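*Asks:* The listed protein sequences derive, respectively, from chains Y and U.
When you line the first sequence up against my numbering, it's residues 771 to 1568, in that order.
When you line the second sequence up against my numbering, it's residues 76 to 353, in that order.
No lab work stands behind these hints, which were simulated from the structure alone.
Remember, it's a predicted structure, so these values are computed and weren't measured experimentally.
Incorrect hints may have been included.
Covered stretches of chain Y, as calculated for chain U (at least 3 residues, CB under 8 Å) [as the list claims (entries may be wrong)]:
hint, segment
1, 1063 to 1069
2, 1476 to 1490
The calculated DSS-like cross-link candidates involving lysine-lysine, where the alpha carbons are at most 27 Å apart (straight line), are [claimed, not checked]:
hint, chain 1, residue 1, chain 2, residue 2
3, Y, Lys1055, U, Lys77
4, U, Lys335, Y, Lys1438
5, Y, Lys1560, U, Lys335
6, U, Lys335, Y, Lys1567
The beta carbon of each residue, even a glycine, is placed where N, CA and C say it ideally should be.
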Amino acid sequence: MKIVEDSPPVLSVLDRPNSYIGRSVPRPNLARLTQGRGQYISDVTLPRMAHVAFVRSPHAHARIVNIATEAAKQAPGVLAVVTGPELAKVMTPWVGVLTHLKGLKSAEQSPLAIERACWQGEAVCAVVARTRAEAEDACELVDVTYEELPAVVDAETALDAKTPVIHASLGDNLCFERKLDVGAVDKAFAESDAVIETTFVTGRHTGVCNEPRAVVADWNPGEQRLTVYHATQAPHMMQDLFALHLGLEHQQVRILTKDVGGSFGIKVHTYADEMATVALSKLLKRPVKFVADRIESFVTDIHARDHRIKGKIGVMKDGTITAFEIDDLTGIGPYSVYPRTSGIEANQVVNLTGGPYQCPNYRAQARVVFTNKNVMCQYRAVGHPIAVAVTEGLVDLAAAKIGMDPLEIRRRNLIADDAYPTQSASGLKFEKLSHHEALAHLDTMMNYAALRAEQAKMRKDGIYRGIGFASFIEVTNPSAAFYGVGGARITSQDGATAKLDAQGNITVHTGVTEQGQGAEAVIAQCAATSFGVSMDRVRVVTGDTDNTPYGGGTWASRAAGIGGEAAWQAGKALRDNVLAVAGAMLQAKPEDLDIRNGIVVDKSNGTERLALNELARVAYFRPDTLPPGFQAELMATRHYVPRAWPFAFTNGIQASYLEVDTDTGFVKLLRHWCVEDCGTIINPQLVDEQIRGGVVQGIGAALFEQCLYDDRGQMLNGNMADYLVPMAVEMPDIDCGHVVSPTADSELGAKGAGEAGTAGAPACIMNAINDALRPLGAQPLTDMPFTPDKILRALGKI
Amino acid sequence: MKPAPFAYKRARSLDEAVALLGEHRDARLLAGGQSLIATLNMRLSAPTLLIDINGIAGLDRITRNNGSVEIGALVRHAQAERSADIARHVPLIARAMPTIGHPAIRNRGTLGGSIAFADPAAELPACLLALGGEVEATGPNGKRVIKADDFFTGLFETALAPDELLTAIRVPAATAQTRTGFAELARRHGDYAIAGLAATARADGKGLSDVRLAFFGVGATPLRANTSEAALAHGDIDGAVAALDLEPHDDVQATAATKKHLAGVLLRRVAAQLMEAR
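Chain U on its own, in the form it takes in the complex (with noise of 0.2 Å):
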């Protein structure tokens, strides 16, 4: 479980981050390594280049502005997770913060990377698109924003450009009508879940609107369950259920069959706590 040979590169500011991947094809970037470097020792991939962008100053702040949260590519998990500000503000990535891995990823972990690397079973991309986020992507030509609706576009595939990398997320502050529901079922605390649903919704009188769902591990991206918003915005939680299309894989932790049926149990849990009196 060696890598094999790369070479190494820290990248000072952001100019030069993207001048080198705009010269190296193949080069990864290296943030808080969690999934990367696994990836790396199991010869699963072999760049020539890691482009080392912990260096670069002002991407690990969390700031609000104008009703939205931003959050810098660097910000690792203890840091979110210890942070008021994501505690009041964006109360759904506190909830999910617990169950991504283990203390020890955490402390080196990002939300850039995880968001970036778009693994279908982790709860932070599902988070962002349950909260509509978007993500700000810095290339050669500068800053775009791509809608989390728009960004997550296949297996391990985002919209982020070769040339681009993810500088911060953005997501809506929660207001007082927010609501947030989040589960997930995993064998063991910590592991990727076999099936897991990220959710807000705005309290509306005694209802819900804008539902948005956003399942996780089961499928090629983080899933949005739109007939089932909309069953669920009128309060029919068993129309909800019933309405989920999922098309799930089997596993090596479970069949497709337990997946889809996860689901609906999920969705059930989940309807719950965004529709808790407060």
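The following block holds chain Y by itself, in its conformation from the complex (with noise of 0.2 Å):
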């Protein structure tokens, strides 16, 4: 994979002299992460520390007959063996549902399973020892006798009266159903052209991180606090969950988040046994750590994406399209996943379909059903591969069914970019989005009428490429209306805290966290651009629920755009309070002055007037020369959330150019393109890798990654070498283009960028590979990933 340089960085109307708004800044933390000097959950240790290892059911379905624990509890090093009921005297049970998500339910859930075991890998037995490898040894020491029971596989089956009830006290399978018609559905289709009927399949996937998940829970007696070194996405919510089931306040209780290996929605979640190793830590009254290990990743962290979805459209020959139909089905493991629900995937599937176009009649179901497999919830972009790959696919579909051009028929059907503000027929609220500029610049950047001529050429050598194409909309900086407003005690605002310190440098505190994506960087060109000093002055703090301003953490593609502007205004206060003291030292009016690189000067000529490192000397060390009544507040707190929107919107188009071997079903991708709209950008190079990546876990999606299932709950593939991630050699060059459409809900007018290229890459893929085989007369793929069977099967080699 070659990296493609972008366009020149589009300079933003909030440029300053000291301006890094729309600059490939290098990030802060480079040359630590570089050298090797991370801090990650493994690099942390504690006096007295121990390690936990989790028995873990072999079995979908069973009953806990009995768990007998004598000789692992004699074995060398161990500590402690501890089983369900006893570590449920230390901690609550959670169930993982929201209220703004009607008649969803769960079933209660404990830190280690009790009674049953609900799917392969649960965790049943927790073990306590001085090192991770003498656990696993007595791990092995733990006898557990199961009864096993059947076993809920099959989504499709999992609401038949002949299906046995997973969670008796919930008296069925179906965890959560969503209805919604809107417009005139049944008519628009009876007065169509054509309407187009297939099923669709994402096939079941999960986020596989560098750094898997892990925590370091330390309870000490002394001062009966809890001090959590966890790997996670959003410290605040989990210093509130770990003192809600541990009957804690929250100012016991300090979540320390220091460097994150990737997240991508894996560490958001509540997991059992890492809930398990926090209560051992309150139970064994020492620190205990758990890192998870490959293993046990594959059939913990959680899956996402296991669909099936019967998509209908209807479209005018002119290729209008008249309306959308969808019904969704998953499957989503034995229990909702706390405290975010496993309803929101589905949910979004709903909202999202049909969303980039101008189409009025909308009809859609989706049900989401338990089963006994690993419990799936919120991976990147949620929802979206799944709704844009239905919308698309369909789309596609239609035009090659009118014989129409692929992109000719979004020219006619995406929403016009003068009809701003409007929403979707689902009533997603838009504030500004840009498909039509988007498209006429992919056109452009990707040159579209060479590559079909190109393609057209090739065919006639019987070399089959295909281009596909997938327009989207992407959730970013959400509200409250996300979690809050349904009951999770999740915040959607966000702070920063600014300080100057005593040699005139300043330090940032910030909510949000850094996951590896480069959240320390945009923290800190805010700050350093609002208030007026070099990036090599401004420090980041994240991470730290003792010491940064409470806040949401990363997740939904919120970090810039919401932490981003809390700490631009951060910046911008603290520098009204610089200037108030820099006033009064020169006797100067504060709005004559400004700070520009780290000097304050005044405002009209640039003349130089004072160093901050002499204004924080003054004002630190020599506060008896400021003015009688005058006090210097050198520290300054901002916080922001998204009040106008309920989310910021944000729209694209992407492009993929492959080739399929027709004798072999291999797919090569030759070249990818996505323009995206995330309105102001503020460091390009941060947000183009974002989109490279998203872009490439899109194609793992279509191409390589499924989480495969016997029909007894047993995951086939949960190593490294069985399950596919995508890899540098088969990555094609993927170019980035850009529109800007700040949202008027913040100064910075930044939205999300990082879910972007992960919601429209399985779609253009998809659609890509269809568009080859159309020639050879091959039924259209719609079931991912798209493997060498799928294809030679739809060629009819096999």
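Reassemble the complex: the two chains are provided individually, in unrelated frames, and hints are given to aid placement.
*Replies:* Following this line, the structure appears as structure tokens:
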């Protein structure tokens, strides 16, 4: 994969003399991380720290008859062997429901299984020892007697009367159901020139992080305080949850999140084994470390995207799309994951399908059912890749049916760029999108006409290349509408504190977290720019609930748009405070002064008046020289939450160019393009890398990644040899382009960019494969991932 | 992913390694460790003793004598990949090398280890078979030679006795008439192949003779395809494909039907390589 340089940086209206907005500045943490000086959970070692390993259920569904722990307790190095009922005395159970997903239900989940194990991999017993190796050895000595129960493995039959109910107390296996009917769908289909129906399948897969889930919990009985070193995306959310389920006050719980080796949504949920680790620390009164290994990660890290969607589209001969209809079914495992629930993904599929298009008629049904597989929950671009695959797959099928170019049918149906504000048929509110400008940019960037000519020429030589498109919208900068209104204690606001030290440098404390995506760089850029110093004079502190403002963390593409705005405002507030001090010292009006490059200057002509280190010296060490009654305030905190719109929707369009080897069913990716609009671009390089990384994950979904289960609920490929993550050799060059439609909800105008790549790529690859194979009369492929098996079958070769 | 406890001994000589193997029936030999360590960490195997043979002198050489090339058991993939002797005299192995894992794996992994481990989807066992090579085994009674055709006896099973270790492989050195072909289909570069084919032949006027086809990833061992070899020697590619009688099983990457189909595709591609004009 070669990195393709983007167009010149887009300069922002926010540019000031020290502007870093719109600049690809290097990340401040780059040297540390590339020198191996990062501080991941594996690097954390505390005095008296013990290690926990878990005995996990080998069955998808089984009654736990007995757990014999004596032999394990005698094993070398073992400190404790703890079962579910024992841990239940320390920590209360939880239920993953939200009130705004009406009717969503789930069962109580405990840190360790009690009475029943409900998926292969669920922890049933904890072994705590001096080392992880000793803990694993002793795990083999724990003798669990199981009585295997029938496993529900097929979502398709989970609601049938003869299928066992996983949680008797719930009455059935239905977790959540949503129906939507807008406009006149039946009439629209009846009046359409063509109606196309097909079934899409998106394969169950997971986010594979470089650093697995990891936690060190340290209950200090002396101060009655819990410190948790946690590789998480949401420190304050975890503080709340640990406190709630251990019966503690927030003040008694400190979450420290240092470096995190990738998250992708995997690390924003409550995991029973992590909760157990925290409870074990409280029980044993000593630090306990849990680092998931790769094997247990595959059966415990949340899975996602396991959907079967029947889709239907109506179209007129002129390309007008008349109606969309979908019926989505998803099996989410035995529990709705706490606290974000496992209903959000299907809910998003309903919300987002048809989203880019001007089409008033839309009907949707989604059913979320329980199964005895690993739990599913929110993974990067929650629901988007599914909704985009269905929408864009249907649009391409419609185009093929009426003989229209796929780019042209989009041009004729995408919501007009001057139609905003507007909303989708499903009710999503759009402030300002740029579908047509993005499409035009893409058309030029990829030289579409030339590619089509090349494709036609090569087909004559028996080479089958395909071009696929996917327009998309993406949820970013969520307000309280996402979780808060549903009763989840997950904050949508975020804060930043900027303080001037005694040498005139600034430190910025932020509630958003660094997962490797570059949030620290973005926060520093925003604060440096609005305050008026160079980047090297800004230090950013993240991931410490004792020392950062209350914040949501990093998820739903919110860190830059929300955390960045808070940092921007905090920098501005501190500048005003500093200029008040400068005014007092210089006997000038603060409004006539500015800070440029770390020096207080006359705003009108830039004449240097006072260096910040001198100002800080006076403010901190000689405040007696300041005018009577004047108090310097050299620390400022600002918070920000989107209020005008529930979400800052972004948009974009991707294209894929690929070649299908019709002998082998192998797909070679030749090139990929993405034009997206995330509003103000704070750091072009970071945005492009978010897009590229996201595209690669989307390609994984389309071609490689799938958690395969057998009919007894056993995962068949839970290792890095058999579960195929996309690798660099197979990846194409990915060109990024941008349209900039800032949101007016913030001064910065930045929206999120973290999920756009993942949202559109799978649909794009699907459409390109089908475009390649269409002249061969192959049945359109709609069942991801597109393996050689499936492609050869579509070609009738096997 | 921590291995079960095991003892570790570093053998200083072949005799010591053989003696240890004889004493400890569930011992495993540690060479490059690229498969072994993973299976230990996943607790798929739990030997009581690891006998490290990396310190035994003289097993890391590539030598040529009397029309054959001897490759010591501890020759690393990377060493073979960079060897002028391999490139010149064993072009089949040179061709296969870049497809074996990734550079980090090739830096540690050994040719001897790969062949002794006998993974049916691995490249080198099939190469040895296609080359018509042989294995030198060393045991308590000294050395013996096992023909490649007799070496791979079942899934991860070989003709090595429990107290024997593979000390070298020997393959015929290529002549001006030698033709080789190699192709594999893996969903990602460096993965074990869904199906693969290593082949050698002798250019015989305008045709081929001594065709040896060794498929991998399509059975419990690398597999010769004798009927197809004969057809290919007659220049009958369609007949060679039609004669394939492989019976692969489904695995997580591909169904049996796909593997069978791909074996045919590979045969056509490798046949073209064998018949390339020089």
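*Asks:* Taking the hints in turn, state whether each one holds.
*Replies:* Evaluated hints:
1. Only when three residues or more bring their CB closer than 8 Å to a CB of chain U does the claim for the segment 1063 to 1069 of chain Y stand; here the count is 3, and the claim holds.
2. For the segment 1476 to 1490 of chain Y, the stated coverage by chain U is satisfied: 4 residues place a CB nearer than 8 Å to a CB of that chain, which reaches the threshold of 3.
3. Of the pairs offered as hints, the one joining Lys1055 of chain Y and Lys77 of chain U holds, with about 26 Å between alpha carbons and a cut-off of 27 Å not exceeded.
4. Straight-line distance between C-alpha atoms of Lys335 of chain U and Lys1438 of chain Y comes to about 21 Å, which keeps the hinted pair within the 27 Å bound.
5. For the proposed pair Lys1560 of chain Y and Lys335 of chain U, the alpha carbon gap of about 15 Å is at most 27 Å, so the pair holds.
6. Restraint check for Lys335 of chain U and Lys1567 of chain Y: the C-alpha separation of about 11 Å stays at or below 27 Å, so the hint holds.
The structure shown violates none of the earlier numbered hints.
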